[in-house]
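Student: Dock chain B against the given chain A, drawing on the hints supplied.
Line order of the protein sequences matches chains A and B.
Counting along the first sequence from 1, when you hit position 97 you're at 97 in the numbering used here, and nothing is skipped either side.
Counting along the second sequence from 1, when you hit position 505 you're at 505 in the numbering used here, and nothing is skipped either side.
Everything labelled a hint here was simulated from the structure, so no lab data went into it.
None of the values given here were measured: they were computed from a predicted structure.
Some hints here could point you the wrong way.
What the hints assert, rightly or not - Computed footprint of chain A on chain B, listed as stretches where at least three residues anywhere in the stretch have a Cβ under 8 Å from a Cβ of chain A:
1) 115-121
2) 206-212
3) 233-241
4) 248-257
5) 287-298
6) 449-458
Heads up, the beta-carbon is just placed ideally off N, CA and C, and yes, glycines get one too.
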Amino acid sequence: MLSYALRRVLSAIPIALIAITVCFFILRAAPGGPFDGERALPPQILANLRAHYNLDKSLFEQYFIYVGGVLQGDFGPSMSYQDFTVSELLAIGLPFSLMLGLMAFIVATSIGILAGMISAVNQNKWPDFSVIFVVMIGLIVPNFLMANLLQLLLGVYWGWLPVRGFVPGSIPHLILPIIILSLPQAARVARLMRGSMIEVLGTNYVRTARAKGLGARLVLARHAIKPALLPVVSYLGPALSALLTGSLVVEQVFALPGIGKYFISAALARDYGIVLGTTVLYMGVILLLNLIVDILYAYLDPKVRYR
Amino acid sequence: MQTLGAVLLAGSVSMLAVSAAQAVTLRLGNGGEPGSIDPHHAEGDWENRIIGDYIEGLMTEDANAEAIPGQAESYTVSDDGLVYTFTLRDGIQWSDGTPVTSADFVFAFQRLFDPATASSYAYLQYPIKNAEAIASGEITDFAELGVKAPDEKTVEITLENPTPYFIQALTHYTAFPVPKHKVEELGENWTKIENVVGNGPYMLKEWVPGSYLRSEKNPDYYDAANVAIDEVYYDNTEDTTAAFNAYIAGELDILTAFPPDQYQWLQDNRPGEAHVEPFLGIYYYVMNQSEGSPLADVRVREALSISVNREVIGPDILTTGEIAAYGWVPPGTANYDGDAYTPDWASEEYGARVERAIALMAEAGYSAENPLNLQLRYNTNEAHQRIAVALSAMWEPLGVKIELFNAEVAVHYDALQAGDFQIGRAGWLLDYSDAANTLDLLKSGTTQGDTINWGNNYGRYSNPEFDALLAEAAAELDLGARAAILHEAEAMAMDDFAAIPIYWYVSKNIVSPSIEGFVDNPSDIHRTRWLTKSE
Chain A
1 MLSYALRRVL SAIPIALIAI TVCFFILRAA PGGPFDGERA LPPQILANLR AHYNLDKSLF
61 EQYFIYVGGV LQGDFGPSMS YQDFTVSELL AIGLPFSLML GLMAFIVATS IGILAGMISA
121 VNQNKWPDFS VIFVVMIGLI VPNFLMANLL QLLLGVYWGW LPVRGFVPGS IPHLILPIII
181 LSLPQAARVA RLMRGSMIEV LGTNYVRTAR AKGLGARLVL ARHAIKPALL PVVSYLGPAL
241 SALLTGSLVV EQVFALPGIG KYFISAALAR DYGIVLGTTV LYMGVILLLN LIVDILYAYL
301 DPKVRYR
Chain B
1 MQTLGAVLLA GSVSMLAVSA AQAVTLRLGN GGEPGSIDPH HAEGDWENRI IGDYIEGLMT
61 EDANAEAIPG QAESYTVSDD GLVYTFTLRD GIQWSDGTPV TSADFVFAFQ RLFDPATASS
121 YAYLQYPIKN AEAIASGEIT DFAELGVKAP DEKTVEITLE NPTPYFIQAL THYTAFPVPK
181 HKVEELGENW TKIENVVGNG PYMLKEWVPG SYLRSEKNPD YYDAANVAID EVYYDNTEDT
241 TAAFNAYIAG ELDILTAFPP DQYQWLQDNR PGEAHVEPFL GIYYYVMNQS EGSPLADVRV
301 REALSISVNR EVIGPDILTT GEIAAYGWVP PGTANYDGDA YTPDWASEEY GARVERAIAL
361 MAEAGYSAEN PLNLQLRYNT NEAHQRIAVA LSAMWEPLGV KIELFNAEVA VHYDALQAGD
421 FQIGRAGWLL DYSDAANTLD LLKSGTTQGD TINWGNNYGR YSNPEFDALL AEAAAELDLG
481 ARAAILHEAE AMAMDDFAAI PIYWYVSKNI VSPSIEGFVD NPSDIHRTRW LTKSE
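Isolated chain A (complex conformation):
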């Protein structure tokens, strides 16, 4: 298992390098530059800025300067957040984004699995319909709309929770963001779990267990849950990736100090450093999560282990 994991880690290095290279050149090929805004800068000011950020050098020189920096852990300067280097911004934002993503992940998977099970066991009864209804809402309503709706209901009208903002140490300020972030993933997990569980409950070995007189709860616990979880586990990697990298809207709407919100604004401002830095970081997170899921899958499914 160790050599397998090591091989996977080593194979990620060329993938990362290719991704950086492709991103670097695609970004530079995009029309518009970091200093194109509502005001045309005088030529000498523009020249000073270009020299300051090495943009007056050839594209290949810039590429090697960038890759050389990344190899030393330096993602270069940010052009739109000039008081910070990209590495500093990532170092400040990443722990928060990870914490938020992990909390949302825990909420989404626990609620999703539980709701899926309840739904499957009560197929075509009211608990099933209720779960399906919530799942549909979670999947259909865009998160910015849901955020505004819950802000209005829970924050403005009922005053139960803070509307937005980050207050260090305050758990209530995190509740709405976590709900918004976890809802779509919880819905997907619930849908997967429901389908998978219905399938497992219809198999011969579950029927045999029941025929032997085992109670419904024991049948679920001993024979149904583990195999029903397999498709859910396959989805956990993408789910966690989505939660760790997809907090953009939530961070924007709730003014939270994560890294997600920098990505789009930086892409629009052609802030090459931040776009590349976040891309590399997200890529690393996704590669790592996929590796963890593969190992977990091998643990759950003996066929994979012996393959």
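Tutor: Same frame as chain A, but now just chain B:
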């Protein structure tokens, strides 16, 4: 994760300390994450609100945003209008206790123009002697800059030419001092929150990127006795709907923007809290007048301009009451006494204007049967789109078929600057209150080698007589005479249909009834030191 834990703990402790002291706290919905709190790198009004609270220049603004002495106690101007001599106040100091001296100002201006600083707004202070030559690298000896310190308390600034708006320009953050001792010691790191010092009414204390900045009252500020707010949170929520919800829930005291569709709700339910006021800025369309373009024909430009029904845009299309613009210099601009430019056709009945526009287009060879096909470019934004759609409909009867093309900001302005467009949306917010700041947008380009640099004159309008009037105004010391010349220049460009002014911007603040001292003004600058808050 350890860092996060430390931040959470430190924040909790600081919150407890603050609540224990029962500080009067202003929560300002600032609308954006500051790109920099260094006055030489800042670029936006959301940064200006923070920087102007913690650093003060020789001049500052009163509650009406008029220029008043700041770190300077007084100043004199030489008879030829070229030399400004400022005397600093007694006892002024940086927030670490170091005295503020004239050397800080000389150092700051030299740093501003140093090509290595790469300050994108340095050009706003180009009226200073040799500033442009230093920024462009022509002069490398910074001692030749027209900013001197004859002694510790005197700052002497020499200009290239008389510049009547120079005192107003000194209220811009590019003219603010930076702490020489800190910058020399720490370089660009002087703005790290743990290092930063200021000389203004507030001191920056905390910065959580992506979320907020916090400042506290500076007890050593010379006017601290009259500063009522103890603490300011500059909230970085960029989503206007979320910020609006937070305001309604009582989490913010002032918003500097709000969703337009909430304006009527505010009027009905929170009367008096929405402050929608004229603001020094113009929203306009540029027409590419390069040789060979159909828009080089003044008849086509006239037809397009007079057939725009400006009166419906602010009230009906945008719904926030933007003011119909027929001239080029925003109402309320300083040093610009006299009647606002209003063409004769502005008072004509709209139907008659459209008839005349159709006739003009026919003269130019276009009609419904032989339409003029034009592309209209705008940067992606719902309001820009609404206006573009409305104007396309207004131009249809003229035999003008518009293809709409939207792009993100960088791409849009790249195309405008390159002249790669036919009609384009643009806007200009004045850097300082003076008519020249908007009229310069229509100045002819300057030849540089084989190319012409058109600067912000995207439409390539060129009229040597207009340029001559601007040059004449720049040399005129009498403000009244200068205003008359600039009025003449404005009328000339508008009669040439140099561009299509559409509306004057309005500022859109919401101010809680608990806040006093918020004075609406055309610059939309409201320094915290003038505000009070009743709990």
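Student: Decide, hint by hint, whether the structure agrees.
Tutor: Here is how each hint holds up against the structure:
1. For the region 115-121 of chain B, the stated coverage by chain A is satisfied: 6 residues place a CB nearer than 8 Å to a CB of that chain, which reaches the threshold of 3.
2. Under the rule that three or more residues need a Cβ within less than 8 Å of chain A, the assignment of the region 206-212 of chain B holds, with 5 such residues.
3. Coverage of a stretch by a chain is defined here by at least three residues with a beta carbon nearer than 8 Å to that chain's beta carbons; for the region 233-241 of chain B and chain A the count is 6, and the condition holds.
4. Residue count for the region 248-257 of chain B with a Cβ under 8 Å from a Cβ of chain A: 3. That meets the three needed, and the coverage hint holds.
5. Coverage of a stretch by a chain is defined here by at least three residues with a beta carbon nearer than 8 Å to that chain's beta carbons; for the region 287-298 of chain B and chain A the count is 0, and the condition is violated.
6. Coverage of a stretch by a chain is defined here by at least three residues with a beta carbon nearer than 8 Å to that chain's beta carbons; for the region 449-458 of chain B and chain A the count is 5, and the condition holds.
In this structure, only the earlier hint numbered 5 is contradicted, and the remaining ones agree with it.
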